[in-house]
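Enquirer: Got two chains here, each in a separate frame; can you build the complex from them with the hints?
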Amino acid sequence: MASFKPTKIPIYPKLGEKVTPDTLYWKNYKAPVQIKEFGAVTSIDFSPLAPHNYAVTASTRIHIYGPFSQEPVKTFTRFKDTAYSGKFRSDGQLLVAGCEDSVVRLFDVSGKVALRVFKGHTKGVHVTDFTSDCYHILTGSDDYTCRLWDIPNSTELTSYKEHTDYIRCGTTSKLNRDIFITGSYDHTLRVFDARVEKSVMTMDHSQPVESVLLYPSEGLLVSSGGRYVKVWDLLKGGQPLVSLKNHHKTVTCLGLSSNGQRLLSASLDRHVKIYNTTNYKVVHNFDYAASILSLALAPDDESIVVGMTNGVLSIKHRKSPEEKQEVAGKQRVRPVYRVFVKGRNYVPKKDDFFVSKPVKSHLAKYDKQLKRFNISKALDTALENRKPDITVAVMKELDRRGTLKNALAGRDEQNLSQLLNFLIGNVVDPRFTPVLVTATEMILDIYQAVVGQSSVVDRQLVRLQELVEREIDYQQDLLEVLGMLDTLFATSLPRKEVILKTSCILSINLHLVRNSFILYL
Amino acid sequence: MVEHAEIRMVRRGGSKINFREPVITNDSRFLLCAAGESVNVYSTSTEEFVHDLQGHTDLVTGVVLNPSNHLQVYSCSADGTVRLWDFMDGILIKTFIIGYPIYSIYVSEKHGGVVFVVVPMANYKSSELFQLVAVHLPRSGDQEVEARELSAVLCDVSPHPGAVSFGREGEYIAATKGLQLEVFFFKKQKSYRFSLKSGMKKGVKNAFTCVSCHPKEDCIATGHADGKIRLWRNFNQKKEYTYTTLHWHHGAVNTLCFTPEGTNLLSGGIESVLVHWHYTQENQKDFLPRLGAAITHIAVSPDGSLFCTSHSDNKITIIQSCVKVSAIIQGLVKGDGVWTDLIIDPRSKALVLNGKPGHLQFYSLHRDKQLYNLDIVQQEYINEEGLDQFEVVKAAFDARGDWLATVEERRKKGAELEINLKLWAYDKLTQSFVLNTTVTAPHEDRITGMFFSPSPETTMLVTTSLDDHFKAWLLADHSDTKEGFWSCDFVGGYHLLKPGCCSYSADGSLLAVGFQEVVTVWSPASWELLTTLSQPPGAIRDLCFGRLSCSKYLLGTSTKNQLCCWNLLTCSLEWSTPMDVSLLQADPLSENMAAFCSQSGSSDCECYLVSGSSYQYQHNYFASFGLDYVLHMAGSPWVFYNMCCSLVVRLTQPSRNRSNGLHSSICPLLPPVFVFKPSEPRPLYSQKALCTGKVQHAVFAPRDQMLESCEERTQWLNRSQLYFITQDMDLLTFSTKTEEDRLLASSKQLMVDDSVAVTPFYLLLGKHRRQQLEKQEALTNPMAERTQLPQGSIAIKELLHTPAHVLPSASFLCAMFVRSLLVSRSSAR
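Protein sequences, first through last, are from chains A and B. The first sequence maps to residues 1 to 521 in UniProt numbering. The second sequence maps to residues 1 to 829 in UniProt numbering.
In case anyone wonders, no lab produced these hints; they're calculated from the structure. Each hint should be verified, as a subset may be incorrect.
[To be verified] Not the full set, but computed from the structure, chain A residues with beta-carbon under 10 Å of chain B:
#1 SER3
#2 PHE4
#3 PRO6
#4 LYS8
#5 PRO10
#6 ILE11
Think of the CB as a built atom: it goes at the ideal place given N, C-alpha and C, for glycine as much as any other residue.
Just chain B, with the same shape it has in the complex (with noise of 0.2 Å):
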């Protein structure tokens, strides 16, 4: 273990920020989301990125203003603490330690000194009930506290942080859970129960799926499961109370808000339509449709300018007076899955895969920020479950950037397929990809693989399908029309195999199309098979041609276990290794080559039961350092992707340091990763646990500059950094620690830049503002500021311009120095 220390897996980029709802802070100008094991802090107005809160050990699962203090924020982790932060300076104030994990958090001005959270029942560890707790939170001096004063509010909730609201002044509470709708009252100390019935008849869906209390009024708005809304009122009574139901959502209601004058209701599902009902006339309602995805959480800023909606696709939307959308924020998206594979633009060196539905995104791995989104189907996206869309399935660049080809299809229940492939020309005036050929129908078939020809002369297309043929596309000339575009140049097949994949060498002059069990090689130039390589048993999966020194070797990996080198000048099987590749990756820059490997007996995917309704725990251990769980939600029910036995109690107690001996006892499980040369067959670099299931795609990314590491081991990475994605849809990637130092360095330097780049007299004025807020002065006098900045100043030129050898001591400057600073009391008034 000690020899990979220098090399770690590191994850990168691409946390959900749509996980939690949103806080927009008092004075509307941030915005914060728990993003991963982080609080982010964006900016409303020009949506970048300020800084994060870091501290939490585990997930962040929800984040609340501090009622008291609306410069503090509390978060909320699966980690067991709550952390009260200041959010203008990311400073961590206080560590609250609970002891349970937590999956939300609730706060009410009406209870000072409390914050509700909702942690497990404690008594049934491994059932699936939560309760909802208030915790009193001690007032000590201490960074860390441990907060054991538990007092049980509710029990038996759900752990969406949805389905619990404070009522009017924090004077009751409402949670749902099912069919059922609790309110508890404060002050009479009692709760009562309303349940609807479960729906006998076919398609009434009656649960409840989120619930909103009127800030003024006593009224409960609860969403439900068949789209409708109810509002309930006259509720303090068990007999008498009475509802009214609003419908016009035709999928389930995912989140409701009220906004702060109790006004209007917003309420948003899976149609991306927010929904804009007036209170108190409920048949107006206004819409603001075609947001991109599905709604999952609606946020409202305190004075009511600004709502903000996290969606689906991992973008939150910040919209002004709910008519205008003034800033999205856009993680990357992790739809479906990726079916193309991982790419890099080799002009914006950003990294390509699938968005939103029918997108590509380019992803920029060294911002860790969504460049842009490219509209490959341009449909109209129609939100509706059960409908086939066209997805974007596989796509390509050419070796300058000039081309991107893309396939999508749509696979109609019972009917044909329908492909299209599209070829994009890269445009320089407007900087980004124009439709110039689509070509219905290319295959008969399923397209399995599509490349461009490395060579710079010539841009060939060649696709191969599963309709036993590949063809290559060129870009016919034609003189009568303004530019050229694609069309068929080459039919090929060999004896009706399907070809499964094809590989060009670095200089284009050859092709090389694996038919089930047979290689063939092509020349480009004239159509002509040259020479069939063929190494039974087993159909070949994946092909390569080694780059730079080894490019006279051909690397095919098949079904049965087999990696092989073929050397192309003499046509005969160089080495051969029994492995199971599963992805074979080779670096553009380099003669390297990585392998990714699928063990068979990776029976890891033990599943247990942790206390908590619907939750299950299945434990997923990411190599090492600090790469914990992932809590990741998949439609309605949770699924808690977690380590195995002896890690759940390590999460009870985080620790900062996780030792390296525990991933030894797990990783002979774990597929491993293997970096080698093709001219021989030996590892340069090999990590045996690499994350469990399998690796899903990988690719290597250009560095922005070179490293310069002379060790062996750690060589590889110098030019290029190997990215892969896993089943978990994670981007991680390998990285060296003194890489990881750098990176840190300068991420703190960036984030002055940031706060300062935010506007020019921002930190200045900006904080002179913040100080006298947290005095809790009512008004500011920005004369008597004025008139202070020169008075400070001549103080410090004077100090800063007297010869040295002239000054009076130390001590005594100190003293004047500082008096100069202070502010009388008089003049800030």
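Only chain A is shown next, with the shape it has when bound in the complex (with noise of 0.2 Å):
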């Protein structure tokens, strides 16, 4: 007598994109936090010091926020026109910013009028930054000249002019307190050294320069301009080392993970990429509602900054690992271990006897009914259960046994609309739909005579009709894009029409329904 074989399972290909540690550390986000600016968010840095306030520069004003608070701790309004570039010093205790009326002014980040005034641009100043000795304040503006000023004096020392174009990017040198590096959009990077009357290295960029990046080595400059993201070797005398292309807008901002490894870079269509700085593969991607101009991270990558043309600043923290802690905490308390040893441990003796107790094989609820033949209650527990892979395996058992029918009909209001719940939500997913069409079909069938007395399963029927049109409508434009690829790519591969196969497939199946639906409704 054989036993009863249960109903295979079957597994399922993971759809969408594999499953790499790279994917499992950026999806570690929680949902993002959005706060609306008053313009379009230009910048964003971070604190050095220990809560990690940021400073975000949008439209007249630069707010400083906590880390946590959705308020802004602080905020400076003391600009005339449109502020630019608010920065902290690298003891966090300064914070200097250009602005559209060519003024840089220098706060106390506990202070709220600005400690010192630098006048002496003739245009919008873009770009400043602080060196690394604290003392000197770097600034690029649009009058294609860029200044170092000295701060207990508030006095100009140096003026480039070598620029033919707005300067809009720059950073100086964490390492040495002479050397800086703008870029223009004369499509060139420069790089200067405050001891020398000229530029040190010019790099050609070839497209107008909207963002430089520093490594922590300072060996690697990282350029964005244009769609291009280029990596330059310093020590090689500004060689070009790698060019990417991985957007298909201009790639407004830079940013480096905490640890170096990863190269973040945001763009005007609105997505952030996550390269590795090793192999310079993409290796991850976020999606914005809007173009991005600003990106900033959290030291520890604690938590990643964004800011947006429609001035929404979109703030996502990283999930801590106690609140994991705290879901899985509740924890059944458990026999004691001895429990589970008792008597396991006993050494049987040279002339005893095995008895071996016969192995008792468990079988799921769905195919305990199954086993006796009652294929209504089967279907019912595999629609309690969660998964509809199984579900679906249950159904297509019934239908190889001949009785899908069967057990799909004689429902009430309650179950029906059960069932139909379930196929809302899933006859248009692609494995499932060659199951759950054909109990479509059998349902609408069956109880074609009872439209019109529910009117929960009358309204459900109509969503799942809009749903099914809705798919359909999708098929097609799908078949139309693979037609015009197809076209596109004159060397079509095999396994192209494959896929062509089956979306023709699923979208007949889908057809056939659509049609029992404007029979029945």
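Expert: So, in structure tokens, the structure goes:
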């Protein structure tokens, strides 16, 4: 007598991207917090000091937010025009910002009024930064000049007029107080040494440069402009290392993860891409609602802050491990270890006979019902199950037994709506469509006589119909795209055709269901 | 004909053991069942085959214990004889010649010296009427006796053995046919007929299928086609009979059986559930579910402790006291068809083919025994008619037997095809195959061919399908999982033509795929199309690479009657012959190939009717040498495949040695087989008359030990043997005379070995007990036996250890020796 063979639950291939350590790491953020600013967020800078507040420059003000507050801790509003590039000093005490009115202002983080005002530029200042010795300020302006200022005297030290277009980005070396780099819309990057009259190195990005970034080792320089992100080797005299083209609009901002292993680039195409810095492959991707202008990462990647053109600031905080434990923390009180090992460690003597206990096989609830040929109950128990693949497998098994129609029939309003809910949730899933389409047709067949008697069921039927029609439209669009692609790729691979065929079959299936909907409703 | 006398065709194994009801002996130790032309004796405890009773020249149609001596058994056969056997020793005691083909046999204790047999009605040879006759067995001492003393009991009975049953103590006999139950009382010599309505309403099928009478009370149980069981009482009059109805089965009740005490009624049908009804409380019933396949017969041992059920998948199950299956005797399963080719498992050298639904069976050709079943589909089998089941349609082993690939498919009516490709890895620990990878929908359409690469370095699988593609599958190594799984490596096609067949060269360096009329040759290493060969007209049907010295040749057969041989070095046609080859098979151990031809002009299936209801005779003659005809049951109407007219005359007078002259008159109609080497278009061996109908599948099975024949005609059989299966699902092979003799000798030797192997003391004690039982001594005294043995042995010792020159004369010694063996009457008591 053979034992009952349980229903096979097929293992479906995982849809979507592959799970890598990177996706796990970068997906481990909470849902974003969104704050509306007055204008486009042009710059975000984290304070190097412990609570890691961050300065957000948008429109004519600079807000300083605490790590978890959604209200600004501090606001600097003393700007006559649009403020740019609010930057903290490395001790977190001072903040410098440029302005469209060509004046550079230096603030005390605790104060309100500007400590120093640097005047000298003739046009708006988009770039400001502190040098590594904390006593000087670098500024870059739309008047094609970049200047160094002394903070105590608030006097101009040097001015370089080598760029031939707006200077829109720049950074100072953190290792050497004299070296700084600027990028300009004249497609060049220039490295300056304050001890020398002229720039020491020039690199051609061949696109208006939007952002520059120095690696912590300062051997490599990253620049972005146009759709390109380029990496330069400074130690080899500015030799281009890699050119990345992963965005389809201008890349506006660059960032580096705290361990320096991952490079982030944000673009007007609303994506943030994360690269591996060893092979420069994209390992992850974030999508945002609007074009991104600025991006910053908190130390230890605790949060990702992104500013967009529509003035929305989006903050994602990392999920803390304590919360996870809280969820899994409620543990059942288990019997003590002794209970389990009781009698297990008994060593049999030489002449002892082994009496083996027959191994009891446990069947799932739906299998127990299937074994007794209780088909309706089997379907009920399968519907209670949370996993749709199990429910679909049971439906398939019933179909194989030729009893799916009997199992679907004879249901009351509540049961039927439960069934329809399941269908609404899963009928367009390509893994389940072949089975569920037959089930849907059967349901329409069986219950066409009672259409109009229950408002709940009717509403669900209409929803199902809409769903099916929308899916058919999608399929049609997809087929059109595929057709276009096929004409484009004259050297089509045979696998492409396979994809085409499966989607054809899916859409044919769905068409059939739509036809039956049209018939019955 | 003389030159072919050396090689002959023999049927190999796989006789039906579920054809008739098996019999359990009185001591419940043996089970006897009709198997082809012999009666097989099995041990009920070890399920081993003990020996067979050979002697009938035709299909055995019934086995029944002799009611007056429970160590003897009657068997009847379609050759018109009833034979009496001693089944313990396998000795034929007597042969009674009836003169008509017999379809079933019944005996009763009350009617000593009489057997009741069902024979065709003598006067209506051409009609389909049968009668139950009583045969008075003459008491004469001869080995062969003609029993001509026949007296008709019932006319117009069903030839189905379950349709007749003896009632309480043999006082009456009940027979059913169609919608009628007839009860004949021997005392009154009167019969009553009870008929049911034919079922005016739709869905009611009242026809009787089987009958069984209560052994102690006047009660007849009948089974019906609609699944009902009726219990008839008070039937010794025409009018006031009554019946009660029991209904559980949803298909027809195939068989019914009362236990010897009459307390329980057993029934079985297509549901493969043994239902156990309590006779007194009819609402109570027990079930023994999932016995595997539809139950065709149920038998109960005389003491009621053992039940056995025969199943439609050529299986007998022995059940202990209705709760536990204790043994399963499994023959070669002959399902609805063989979709997988015949395959030889490289490890066990077993023949692999479709077995039970959704299973592959591994059948040992040398031992004629099923080794095991491998569950491919792994789904609960639902016994219901009209349900589309998953069937295993393709199977293939790789060169070393480490991997098995199977394809199962299910075609729903009006829906798309469901195909699964499964790959099984051989597990050394459990000695069986373990599922490794399942590929759902590997192709869009049916898979036409599947082959493993024969090269030992790479395990690669190629499947061809009607969806215009062939795919190569490779075992991908994945470091993150413990063992690798299979994935698609290459998809190939050729001008959107449908690939029909494919073949690997012996070293695995070339792959030939036949796309309708074109043969494409690919290199599996780089998936480069090397060359195309074509020989229109006609699509390519079969492809085969030559081996060993002929490996530069590629052979192909086309539908338009052509056998072509291409030379792969020159890429040109070497030779071709017009020949309608239906099957091309290469010997893996030599360069030989076998080609089976299907003669289109085989119009040998003239139908003609012989007496008997619903019987149809079609002549179907197996080439020669005692392969008579096949009686084979296909659903409820029975079809008898028979020889042509001239042979029916021979049937009634069975002769042991059938002459060769006969088959020469038939052979032009029959499909021939040719064995040849690809290097020369000249057959090594050809057999003209093979069998009627097409040869479905064939395979070369390697031999255990090589034969040493140097004659050219038989040389091709030295390394391997050619097995093939016909449309009627008979497994046949070619064999030489010397080999047959050797086999026969070894089987005789085995027979003794087997009986010794049952238990160590079996022969010693069992023989004594039997002798004593035959003497009908009521009590056996084990003490007497034991004391007697040493006595005998002392006498023998004296005889053997005394030097010859001091011994008295031999005549004196003989008397003394015989006396020492005798048991004195006093010591035995």
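Enquirer: Could you work out which of the previously given hints the structure breaks and list their numbers from low to high?
Expert: none
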